[in-house]
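My request is simple: use the sequences and hints to build the entire structure.
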Amino acid sequence: MLDYIDKIKEISERLLKDCSVEMVIGFRKGTLPMMNEPCFARTPEDVGQFVWDSNCGINLANYLTDRKERIGIVAKGCDTRNIATHIIENKISREQLVVIGVPCKGMIDKHKIATLFADEIQTVTENGEKILVTAGGKETPLNKSDVLQKNCAVCTHRNPVFYDELAAEKVEEQQDVDRYADVQEIEAMDTQEKWDYFESLLSPCIRCYACKNACPLCYCPTCFVDEAKPQWVGKGQDPTDVRTFHFLRAFHCAGRCTDCGACERACPVGINMRVFTKKLEKDCFEQFGWEAGMSLDERPPLDTYRPNDPNDFIK
Amino acid sequence: MKLVKIDKKQWAEGLESLKKSFRLLGPVKEDSYYSFKALKEGEQPDFSFLNTRLSPKSLLFPQSEAIVEYSLDERDEDHHVMKAIETDDSPRAVLGIRPCDAKAVTLVNLNFDTSEYKDPYWVKALAATTFIGLACDTPKSTCFCTSVGCGPYHEEGLDLLLADEGETYLVKILTEKGGNFLSTAGLEAVDEDTTLFDAKKKAAEAKIISTIATDNLKGQDILDLHEAPFWEDISFACLNCGTCTYTCPTCWCFDLQDEIHGKSGKRFKNWDSCMFPLFTLHTTGHNPRGTKLQRVRQRFMHKLKYFVDKYDQGIMCVGCGRCVNQCPVNIDIRKVCALMNDHKVDEQACAVQE
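If you're matching them up, the sequences are chains A and B in order.
Be aware that the first sequence starts at 1, since it is given in this note's numbering, and climbs by one per residue.
Be aware that the second sequence starts at 1, since it is given in this note's numbering, and climbs by one per residue.
Since the hints were derived computationally from the structure, they do not count as laboratory data.
Be aware that one or more of the hints could be misleading.
With a cut-off of at most 25 Å between alpha-carbon atoms, the simulated DMTMM-like pairs for lysine to aspartate or glutamate come out as follows [unchecked claim]:
hint, chain 1, residue 1, chain 2, residue 2
1, A, Lys112, B, Asp31
2, A, Lys7, B, Asp233
3, A, Lys229, B, Glu259
4, B, Lys335, A, Glu120
5, A, Lys17, B, Asp233
6, A, Lys144, A, Glu126
7, A, Lys150, B, Glu30
8, A, Lys194, B, Asp31
9, B, Lys40, A, Glu199
10, B, Lys37, A, Asp238
11, A, Lys138, B, Asp233
12, A, Lys170, A, Glu129
13, B, Lys37, A, Asp241
14, B, Lys37, A, Asp196
Beyond 10 Å from chain A on every Cβ pair, some chain B residues (computed) [claimed, not checked]:
hint, residue
15, Glu13
16, Lys140
17, Asn180
18, Ile212
19, Ala237
20, Glu347
For every residue, glycine included, the Cβ atom is placed at its ideal position computed from N, Cα and C.
Encoded structure:
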């Protein structure tokens, strides 16, 4: 994926030079290993800062919400699905956007890689399928497939679902992946086991809200956790309130989540809250044959009514 | 200030016997990270950590602390009367606090213990606590303590400072409280000359490779910095989550919340964050810091300019690197500080505007 960057820069520069867009949103190199920072370019010169590698896991659709400019945006498969969701939900219009599609080969899991090494990681470089980590002065090669973000490992939509420009040839989609193994593991638990699992999963939560704020779906002007009249949820560390936040947030994403993994990636304490949204994503897939953000024309199942609905509860 | 040497085995035994008179808190490994926890009987602090994921400020200023309680049942004689919730202010010791986090306590104290206002919960907790520091011989690449009036062997805020030396600890006794802690433990301390300790300190300081410049911040004009052109670029990626403020050992803002169950209520003091829109939302619905840019600017202006001007004690940062390491989108205070410190007003642009 390293070779994408020349093309991304070339397209971005051209779009800015011919005034097709006022800004291009992409990534620039971070100050730490495995970290890139979302950024924007307003002039062709600004484009020089753009990078592309396996550390671009933050979902850039999040930066489009309610913007008024004409924007070029660098977008992986999942980003384009969230851009589609944004368009359907009127958070940006298609006419404002020039989508620079990036066929994606997956992002690496910085939390996981950090736990593989006792020493502080000094550098992480990549060369195709090889990830080279230097920690404690020693180099260790890793296979990228072993350290992918969990959602990337089971992703079946690596290519942009829609785009105006393409940064590279499309990649082969992953076949025969077990998309829901982690959810099935939890579904198999009895009630008490599930409860214990959720409790230990959420116990490190500090309620920083990085998960909801990294999520392109969470754009309510006032989140329910911030409502004061009425106050739906306590603001302290009571486990009931922490759970309420996570469960409600997940339900709010039902039928909208693209499993981009931004929530889990953003979490400073490494909570895999993605299992909640993943369960709802699975239910939507199994019950409605729905995958969010695959089309600009179809309404999501939870905001649609069909007169020929096979269930009679609604009639 | 006296320097002594204590055998590690004796130190461990001393700690065990101290548990009768002190509540001991120390770093404990949980999964892949460390945090400060109360040590149970037989449990020793794990000093093999670089630093804890969250700062130990929560030991004095918990993320959520019930401060008063009341009854709303009018049949109760003292209904609607706020009563302080009793706190355990018996002697306790924090073992292995890093020098940066100890200095941070002294900075937060500037806010919670003033001649005008005193936060009784903070003041009592602080008075009850003895701080046993652990010097950093292997700092992280994101540590920049030596640039901000601190360092891997910094002594501010500490009662004892331990330096690891093979089978022993070199222990610097910094206060009477620290001396009492050692004598209560019944530890046999052998006097030690400072040569080795000083050499270790120098070696540790040389290992801090990340530096920032803060020398111009005081001289900068507040409004020039406020109106500087770089804020849009800095704030663009920000998610406005609370990671930086919650992991920061010097962020002191809190919110008061009443929680009522049936007829009884409690008032909580909860951490708050200037990154949240709710932080400044007025009851009228107006929000003076309604945009992300305004909130991000506020955080850095507070730490790197307002605090500098108000207290004249350097910046409100001890260089622990937690926000740098944990920010989900890699907003780096070192970069922001450089922009603020080096900021020059474009005179020509102003002339044109005028």
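Now the hints, each set against the structure:
no.	hint	verdict
1	A:Lys112 / B:Asp31	holds, 12 Å
2	A:Lys7 / B:Asp233	holds, 23 Å
3	A:Lys229 / B:Glu259	holds, 14 Å
4	B:Lys335 / A:Glu120	holds, 21 Å
5	A:Lys17 / B:Asp233	holds, 20 Å
6	A:Lys144 / A:Glu126	holds, 8 Å
7	A:Lys150 / B:Glu30	holds, 22 Å
8	A:Lys194 / B:Asp31	holds, 20 Å
9	B:Lys40 / A:Glu199	holds, 23 Å
10	B:Lys37 / A:Asp238	holds, 18 Å
11	A:Lys138 / B:Asp233	violated, 36 Å
12	A:Lys170 / A:Glu129	holds, 17 Å
13	B:Lys37 / A:Asp241	holds, 23 Å
14	B:Lys37 / A:Asp196	holds, 22 Å
15	Glu13	holds, 28 Å
16	Lys140	violated, 5 Å
17	Asn180	holds, 33 Å
18	Ile212	holds, 12 Å
19	Ala237	violated, 4 Å
20	Glu347	holds, 22 Å
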